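As a plain string of letters, each chain reads:
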Amino acid sequence: MRTPLSVRMFQSLPRTAWLALAIFAAIAWIAIPAAHLLLPESSPFHVSAYTVTLLGKILCYAVVAVAMDLIWGYAGILSLGHGVFFALGGYAFGMYLMRQIGTDGSYGVALPDFMVFLDWKALPWFWVGSDSFLWALIMVVAVPGLLAFVFGWFAFRSRIKGVYFSIITQALTYATMLLFFRNETGFGGNNGFTDFKRILGYDITSPQMRLVLFGLSAALLIAVLILGRYLVTSKFGRVLAAIRDAESRVRFIGYQPTQYKLAIWTLSAVLCALAGALYVPQVGIINPSEMSPANSIEIAVWVAVGGRGTLIGGVIGAFIVNLAKSFFTVSFPDYWLFFLGFLFIGVTLFLPDGVVGLWRKLRGKRAIEDTDTPTETPADAKGASA
Amino acid sequence: MSTALSQKLDAVSGNASGGHRVNPGELDLSHKVILYLDGISVSFDGFKALNDLSLTIDAGELRAIIGPNGAGKTTMMDVITGKTRPDSGTAFFGQSLDLTRMNEPEIAHAGIGRKFQKPTIFEQLTVFENLELAMKTDKRVWKSLFAQLASDERDRVADTLQRIRLVDEADRLAGLLSHGQKQWLEIGMLLMQEPRLLLLDEPVAGMTDEETERTAELFVSLAGKHSLVVVEHDMAFVEALGGKVTVLHEGAVLAEGDLATVQNDARVIEVYLGR
Ligand SMILES: Nc1ncnc2c1ncn2[C@@H]1O[C@H](COP(=O)(O)OP(=O)(O)OP(=O)(O)O)[C@@H](O)[C@H]1O
Ligand SMILES: [Mg+2]
Numbered sequence: 001m002r003t004p005l006s007v008r009m010f011q012s013l014p015r016t017a018w019l020a021l022a023i024f025a026a027i028a029w030i031a032i033p034a035a036h037l038l039l040p041e042s043s044p045f046h047v048s049a050y051t052v053t054l055l056g057k058i059l060c061y062a063v064v065a066v067a068m069d070l071i072w073g074y075a076g077i078l079s080l081g082h083g084v085f086f087a088l089g090g091y092a093f094g095m096y097l098m099r100q101i102g103t104d105g106s107y108g109v110a111l112p113d114f115m116v117f118l119d120w121k122a123l124p125w126f127w128v129g130s131d132s133f134l135w136a137l138i139m140v141v142a143v144p145g146l147l148a149f150v151f152g153w154f155a156f157r158s159r160i161k162g163v164y165f166s167i168i169t170q171a172l173t174y175a176t177m178l179l180f181f182r183n184e185t186g187f188g189g190n191n192g193f194t195d196f197k198r199i200l201g202y203d204i205t206s207p208q209m210r211l212v213l214f215g216l217s218a219a220l221l222i223a224v225l226i227l228g229r230y231l232v233t234s235k236f237g238r239v240l241a242a243i244r245d246a247e248s249r250v251r252f253i254g255y256q257p258t259q260y261k262l263a264i265w266t267l268s269a270v271l272c273a274l275a276g277a278l279y280v281p282q283v284g285i286i287n288p289s290e291m292s293p294a295n296s297i298e299i300a301v302w303v304a305v306g307g308r309g310t311l312i313g314g315v316i317g318a319f320i321v322n323l324a325k326s327f328f329t330v331s332f333p334d335y336w337l338f339f340l341g342f343l344f345i346g347v348t349l350f351l352p353d354g355v356v357g358l359w360r361k362l363r364g365k366r367a368i369e370d371t372d373t374p375t376e377t378p379a380d381a382k383g384a385s386a
Numbered sequence: 001m002s003t004a005l006s007q008k009l010d011a012v013s014g015n016a017s018g019g020h021r022v023n024p025g026e027l028d029l030s031h032k033v034i035l036y037l038d039g040i041s042v043s044f045d046g047f048k049a050l051n052d053l054s055l056t057i058d059a060g061e062l063r064a065i066i067g068p069n070g071a072g073k074t075t076m077m078d079v080i081t082g083k084t085r086p087d088s089g090t091a092f093f094g095q096s097l098d099l100t101r102m103n104e105p106e107i108a109h110a111g112i113g114r115k116f117q118k119p120t121i122f123e124q125l126t127v128f129e130n131l132e133l134a135m136k137t138d139k140r141v142w143k144s145l146f147a148q149l150a151s152d153e154r155d156r157v158a159d160t161l162q163r164i165r166l167v168d169e170a171d172r173l174a175g176l177l178s179h180g181q182k183q184w185l186e187i188g189m190l191l192m193q194e195p196r197l198l199l200l201d202e203p204v205a206g207m208t209d210e211e212t213e214r215t216a217e218l219f220v221s222l223a224g225k226h227s228l229v230v231v232e233h234d235m236a237f238v239e240a241l242g243g244k245v246t247v248l249h250e251g252a253v254l255a256e257g258d259l260a261t262v263q264n265d266a267r268v269i270e271v272y273l274g275r
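These protein sequence lines are chains A and B, in that order. Under our numbering, the residues of the first sequence are numbered 1 to 386, in order. Under our numbering, the residues of the second sequence are numbered 1 to 275, in order.
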C-alpha cells in the first residue's frame, strides 16, 4: 500500500521536468562530449576546452544556487556565507589533488611546494590520509557538514533569525577566509592550491578528464534537482514552509523547528561542498578569495535573479549571471561590479520573483491551479487573489 | 480547590493516597483533575502580569475565563504552553507532568493544544496541508522526510474539514480565507492534534453570530472527552458554553462559579461587567 521511495521521487517531478532533465542530460553527456572530441576545431559546432570548462564551472555554481534556494526560498533562512562551504569542499578535494602531484612539483619532493617553501619537514597531522581518494571524498562531506551542523546548532538553538543570521554567516565566511590567508594554517596561504597534475593517476588536463568532470557536474546538478524537488514536496518541505510562515505555531503543534532547520541547513552546506569539490579540478585552483563575503552575496543574487522558491530559478540565475560575468570580465572588466549591483537592484524592484516568476506571470499561471507547486511564493498568492 | 491541591501534594509526595502506577511522561488523570496552577507569578519589568494565580481544571470540564484587558489571560496560557516561564509557582498537567520543566513541542506532545488570540495558521499552505501538519503523529525530522498520508489519516483530515465546514476550501491557500474561516481552521488544527486539553484564546473574535453559535455547539460537544479552557469577552458566547466561569483580574482569580453567580458578584461588576 505504501508507495516505494523511488516511485515517490519519480512522482515528485512533473513530466515536463523529467523531459527537460533528459534533454539536459543528453546535451551534457552526449552532444557536448561529441562536439568537443570528435569535431575538428575548424567546425562551427566544435566546443572548445574553454567552453567546456566554463560550462562545467557554471554547473557547479548552479548546484550551489539550488542548495541556497533550499534554505532561502523554502525555509526562509538567508545565508550570506555559503561560499565557505563551497570553498571548504574545494579545499578538501584540493588536498588530494596536491598529494597527487607527487614528486612532480618544483622541488621534486613528495611534500607540496608551499610546505617546502615554508621549510616544513613533514606533513601536518591534518594532511594525514589526504593521499587517499576515498578519504578525500569523506572529508569533502564531513568537514563542511560538521562546520554547518555546529554553527547551525548554536544559531538556531539561540533562535537567531533574519538579518542577524545573515550577518553572522558573513562573519563566518570572512573569519574562515582570514584563517586560510595565513601560511601557518597549512593550506597554502593566499596562493591556495594550484598546479594540479592528476586525479586517480589520470592526467587532469586531458580532454577526456575534462569531459568526465563536466559530466559529473551535470550529474550532480540533476541529482540535486531531483532530491530538492522531493524534499520540498514532502511533508518535511511543508514543515519548512510552515516554519517560514509562523515558526512559533509550528512549535505549538509539536515540531522542533531547530531540528528541521538544522537538517536542511546542513544538507544545503554539504551540497555546496560537493559542488566545490568538482569545481576545483575544473578551474585548477582554489584560494581563500573564494570565501570572500562578496562571493557569498553573489550566490544570493543568482537565486534572486532566477526566482526564489522554485529550485530551477537558481540554475537559471547562475547561468544568466555567470555568462554575463564572463562576457563582462573579457570585454568590460571595470564594469562588472556595477552591472551586478544594477542587476540586483533591478531584480529586487521589478522582478521580485525573478525570471521564473516573470515566466509564470507571462503564461498567466495562477498559484491555485498550479497543483504541482505545493509551496507557493508570497507573490503567487497575491497574484491569485488579484 | 484546596482539596484538589492537597490531593496534588499527596501525589507529589509519593502517591500516599492512590497507590496506582503511572508511566513517567504520561498524562495521569487519577484525581480527575487535568490542570493545576498553584501560586503562579509572572512579572515583566517589575509589572506583575500574573500575581499568585491558582486555578484547577477538572478532566472533561469546559471552563470559560473572562476578565478585563490586561488581566493576564493570555499570559496564563503562555505559562501553560511553555512559552513563558513563571517566576514562581507550579503548573502540573494531570498528576505527573510538570509543565514548567517542558518546552513547547513537548507540551504539545503531552496533549495540550492552543489557539492563539490572533489566528496563526500557515498562510502559504493549503487548508488541507495546515490540517495535515497539525495531525497527531510522530513529528521528528526523519519521519517527516518519508511520511505518506495513509487512507485513515486522509479520512481524519476529511472529517475535520467537515466539522469546521471548510470542505470546499480544502485546496485553497489558507491565507485567502476570511477571518472567521481562519479561526475555524485554527480550531480544526487543534482538533487534529487530538489534545486532552484545549486552550482557546478569544476563539470567536471576528466571527459572525451564526459562526459564533456553531463554535459554541462544537465546544460543548467536545467537552467530556476533552477539557477546554476558553478565554472570551463575548458574554452571549460564554453563556452558550454553559460551564463554570472564572474571572481574572490583575493576574489573580477574582471570582469563580456559574455565570449567574459571577455576574451578580459586586467586585466583578465593578472591575469588569459594569464598565
Ligand atoms: N512580553 C510581555 N512584555 C511585557 N509586558 C507584557 C508581555 N506580555 C504581556 N504583558 C503585559 O501583561 C499584562 C497581561 O497581558 P495579557 O496579554 O495576559 O492580558 P489579557 O488578559 O490576555 O488581555 P486581553 O484581553 O487584552 O487579551 C498586560 O498588561 C500586558 O501589557
Ligand atoms: Mg489576551
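Keep in mind that the hints were calculated from the coordinates and are not lab data. Among the hints, a few may not be true.
What follows is a set of in silico ranges between Cβ atoms, one per label pair, in the way DEER data are often shown [to be verified]:
no., chain 1, residue 1, chain 2, residue 2, range
1, B, LEU273, A, PRO14, 55 to 61 Å
2, B, ARG101, A, ALA122, 49 to 55 Å
3, A, ALA20, B, LYS118, 41 to 47 Å
Because the structure is a prediction, the values reported are computed rather than measured. Cβ atoms here follow ideal geometry from the backbone N, Cα and C, with glycine treated the same way.
*Would you list, in rising numerical order, the hints stated earlier that this structure does not obey?*
Hint check: nothing fails, all pass.
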